[in-house]
Structure formats: structure tokens, C-alpha cells
Amino acid sequence: MKRSSWKEYQKEIADDRYYYARSCIRQNFFPGSEAAFLDIMRNDLGKDVLDDPLHTSCTGIGYHSDIVPLETIMTVVARQFALMTAAGYENFTSSCITSFGIYTEILETWHEFPETEARTRENLFKATGREFRIPRNIAHTSDVIFHNREQIAARMVHPLMNVETGAPLKGVEHIGCHYAKIFPKSGIGGSEFPYVLAGMIEAWGGEVVDYPERRHCCGFGFRNYLVQANRGYSVANSQKKFASMAPYRPDFIVCNCPGCAMFLDKWQYTIAEMEGVTYGPNGRGIPVITYEEMAGLVLGYDPWQLGMQMHQVDVEPLLDKMGVKYDPDAKYLGNNGKLIGKPEQAVVNCCSQERTYEVRQ
Amino acid sequence: MAINWGFNIARPRAVDMDANDLSITRRIMAQMPEFQACIACGSCTATCTAGNLTSFNFRRVHTLVRRGEYEGAYEEMGKCMLCGKCRLSCPRGINTRGLVMLIKRELEDK
Numbered sequence: 001m002k003r004s005s006w007k008e009y010q011k012e013i014a015d016d017r018y019y020y021a022r023s024c025i026r027q028n029f030f031p032g033s034e035a036a037f038l039d040i041m042r043n044d045l046g047k048d049v050l051d052d053p054l055h056t057s058c059t060g061i062g063y064h065s066d067i068v069p070l071e072t073i074m075t076v077v078a079r080q081f082a083l084m085t086a087a088g089y090e091n092f093t094s095s096c097i098t099s100f101g102i103y104t105e106i107l108e109t110w111h112e113f114p115e116t117e118a119r120t121r122e123n124l125f126k127a128t129g130r131e132f133r134i135p136r137n138i139a140h141t142s143d144v145i146f147h148n149r150e151q152i153a154a155r156m157v158h159p160l161m162n163v164e165t166g167a168p169l170k171g172v173e174h175i176g177c178h179y180a181k182i183f184p185k186s187g188i189g190g191s192e193f194p195y196v197l198a199g200m201i202e203a204w205g206g207e208v209v210d211y212p213e214r215r216h217c218c219g220f221g222f223r224n225y226l227v228q229a230n231r232g233y234s235v236a237n238s239q240k241k242f243a244s245m246a247p248y249r250p251d252f253i254v255c256n257c258p259g260c261a262m263f264l265d266k267w268q269y270t271i272a273e274m275e276g277v278t279y280g281p282n283g284r285g286i287p288v289i290t291y292e293e294m295a296g297l298v299l300g301y302d303p304w305q306l307g308m309q310m311h312q313v314d315v316e317p318l319l320d321k322m323g324v325k326y327d328p329d330a331k332y333l334g335n336n337g338k339l340i341g342k343p344e345q346a347v348v349n350c351c352s353q354e355r356t357y358e359v360r361q
Numbered sequence: 001m002a003i004n005w006g007f008n009i010a011r012p013r014a015v016d017m018d019a020n021d022l023s024i025t026r027r028i029m030a031q032m033p034e035f036q037a038c039i040a041c042g043s044c045t046a047t048c049t050a051g052n053l054t055s056f057n058f059r060r061v062h063t064l065v066r067r068g069e070y071e072g073a074y075e076e077m078g079k080c081m082l083c084g085k086c087r088l089s090c091p092r093g094i095n096t097r098g099l100v101m102l103i104k105r106e107l108e109d110k
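So the protein sequences, as listed, match chains A and B. Counting in the working numbering, the first sequence runs from 1 upward without gaps. Counting in the working numbering, the second sequence runs from 1 upward without gaps.
These aren't lab readings, by the way, just hints derived from the structure by calculation. Quick reminder that beta carbons are idealized off the backbone N, C-alpha and C, glycines included. One or more of the hints may lead you astray.
[What the hints assert, rightly or not] One side of the interface only, derived from the structure: several residues of chain A facing chain B at Cβ under 8 Å:
| # | residue |
| --- | --- |
| 1 | R17 |
| 2 | I61 |
| 3 | S65 |
| 4 | V235 |
[Unchecked claim] DEER-style ranges, computed between Cβ atoms:
| # | chain 1 | residue 1 | chain 2 | residue 2 | range |
| --- | --- | --- | --- | --- | --- |
| 5 | B | L22 | A | E71 | 54 to 60 Å |
| 6 | A | A167 | B | I3 | 54 to 60 Å |
| 7 | A | E108 | B | Q31 | 34 to 40 Å |
| 8 | B | G78 | A | N28 | 37 to 43 Å |
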């Protein structure tokens, strides 16, 4: 019988009552996405999600930068689980891919080496007096949106289709490395057949672009970026992906990792400023969005309420294709109606290039 | 005002066969078809007198030339002493000394 790796990488995703762990960096880069997740889950889908102000950063960035020791991060994670236990929840969902990787790695460590779990419990109790239960279910928030993709499709206002031509929009889906490359069984489709974002695109009327460097890392890689002199390696990874996807003329890129969404967005600006090269049609960049923003647009949310003005590459070409109505004058106005600041014109948005890519035969 | 980035975009070290101009390689192959039989075993480099004394690596250079990477190849081939020991050790019987001269001749204007 023909073996199907795709079927080996399915995971159970809880249906309701989630303890929500926010991402530290996402709240700075794309502050609207986490708010959109809560709005969609609570108001559109009627789910119970606890947004607990007591939880902290998972310290994953410090851990991957060799600043936070393993014992420390295990105790921090244990504290998050203790907060979940105290609140009466059993299903843990994290907004960040780095955090998701940290949680799965530590749970696996505790499973393989029970003495580390016992030591962590002791450390946590000595430090805070708290105790915890292991979550019954752990999922990334993109898993949760994937799990509810059909319900979202049933309430769809703007499908991922070109309103003028009726053709499905072409979406590049980019999965964060720590989602499924650490433990493939933790991700839908594993690292070889990632389906979590592809499933959303297909369910909402779009078409997934399968391009040669689809599995390639965005280049964040912590050390690659945190040391300024190393950033040339980081941007080179993104550049490799852009050059590979450009001939397929994608309408947008969607990511489930905070770092990927930021770097695929901001490196397009950097490459355009450094070398004058852009990868989208008409000399513009390719809009990069988060899956919450994609779900929000599909459900008819206002793009500026979703925080889409925070992207370096302008998202208006995508909004126009989808037929999303927006007020251009309100783009840089905050909720209080005051100007939040307007960026200067950048090469990546000003259509100064006329570069056409052809699909290699 | 120019931006001081503090870094440059790192260039990939992978050989891109689609992007490289292979015209000189094709000319070399046409003149010495036996070069196609090379299995890159490295016997030529292992027995190389010049390689024993300098950083000259004949296998590396002719492999790069075969893939259209010509930069610095002419200068590298200049390190060969033309002793011909590589020719005695080549398991595919390639005229390696002739190959050195052929590569130099084809790349002299490059």
C-alpha cells in the first residue's frame, strides 16, 4: 500500500475554551492581529478564549540567543501552565511560533526526562508557590483558525478572489520553522506537507502557489538577525524565496510566524532600498499579511482596524483585488482619530521598477 | 540621504547552473570530450606536486570550470607545473595536462 506521509501528520485541536498566550514581538509589529484573533474567536465563532494579563514572555528569543538557560525557560513555561491551571483551562494556544516551538520542545523534554519536569515543578513552587497541570491540548493559534476555517468560510464576505476577473488570488503560504520543523508531528502536514495556511487559503477561495523554495526559512534565525553584521545572511534567505516565488506572480504572502511575517515584509523594503529590486507586479512589493488579517479581511473587517497600515509593503493592491472598501485618509489615524505617524515614501511602494518575471519552462 | 545599513546582502555560494554562462565550458567539452568522463575522484589533486606545495586544487578548479564558474580559474591553472603525474593517476584516462592547457587557452581573454 502506498504510504502517505500527509496522513501521519494530523493533530488534535481543541474545539473550545482556550488559554491564550500572546507573543511579545507580535504586539509591536502587528498589534491588530492578536486583537483580531480574539474578536474572531469570541464574536464571530462564539468561543471561550482567556486573554490573561498575568502571563509573560516565554523568553524564547533569549533562549535561542543563549542568554536564558534551559532551566529558567522551563520554569517560565511552567508558570504559564500554572496560570492556565489556576484559571480552570486545559487547552493552551500560543500566538507565537517561537513560543509554540518552546512549549512543544519542553513538553517533549519532560516526557523523555521526567526528572527535569520534577525539578521544574520544584523550582516553580519555590519561586512562586504555584503548581501546574500539563495542558490537555496545545495548539498554535493558526491551528485554531485552521480548525475553524469552514465556519469562517460560511460567514465569508470577501473571498480570496479577484472581484474583477473572478479568478482565485494566488497566495504564498510560509510556515515558521519552529511550527513543524522541530517536531513535525506538532504541525498539520508536518514540515514536508504544511497545510495549516494552505488549508485556509483553499477554504476561502484562493489558490496556493507551490514554488521551488517554498520550504525555505525566511532567514530570521535569531543569531542571523540579532547580530547586525550577520543580517546579510538573514536577508539573503528572504531574497532567495522572493526570487523563487516572483515568477508565479503571487498576490500576497501569508505567514503564521511573527518573525517570518516581519522579515518577509521588511526585507522587501530593505532589498528595494539597497538594490532597487522589487518582486511584485508593477514594480511594487508583494503584500505580506498574517493569517488573522487574512481571516479578518475574509470576514469583512476594516483593514485599518486589523492594523494593516503597520506593514512596510502597502496592502492596498490586495484590498483592491479583493474588493475590500477602505478609507485611504483613515489609514494612519488611530482609534482616537489622531495621526499615528506616516512613513516616508519607499522604493518598495512607489512603482519605480518595471521588472517582469517569467515562469521558467 | 543614503542609509547606513551596517550589513550587505550575503551572496549565495551555491553554483547556479541556470544563471551561469556555460559557453566556454561547452567549447572545452567539444575539444576534449573525455573530460565528460571525469568522476571528480580527486586522484589528480592527491598526486599533484604543485598542490602539495601550494593551495592549488586541480579538481576544485576544473569542477568549477565545468559548471561555468570561471573567475580566478586562469590564475589558478598557472600554478600547475605540467609534470603530468595527475595524468598517470586518473582512473578515467583523461589527458589532464592537456586539460590544464586547454582551460588556460580558453580563459586567457576572460
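Tested hints:
1. R17: Violated - the Cβ of A/R17 stays beyond 8 Å from chain B, reaching only about 46 Å at its closest.
2. I61: violated, 19 Å
3. S65: violated, 18 Å
4. V235: Given a least distance of 5 Å, the restraint on A/V235 holds.
5. B/L22 - A/E71: 54 to 60 Å: holds, 55 Å
6. A/A167 - B/I3: 54 to 60 Å: violated, 38 Å
7. A/E108 - B/Q31: 34 to 40 Å: Taking Cβ atoms as reference, A/E108 and B/Q31 lie about 59 Å apart, which means the hint is violated.
8. B/G78 - A/N28: 37 to 43 Å: Distance hint for B/G78, A/N28 is violated at roughly 56 Å.
Of the numbered hints stated above, those contradicted by the structure are hints 1, 2, 3, 6, 7 and 8, listed in ascending order.
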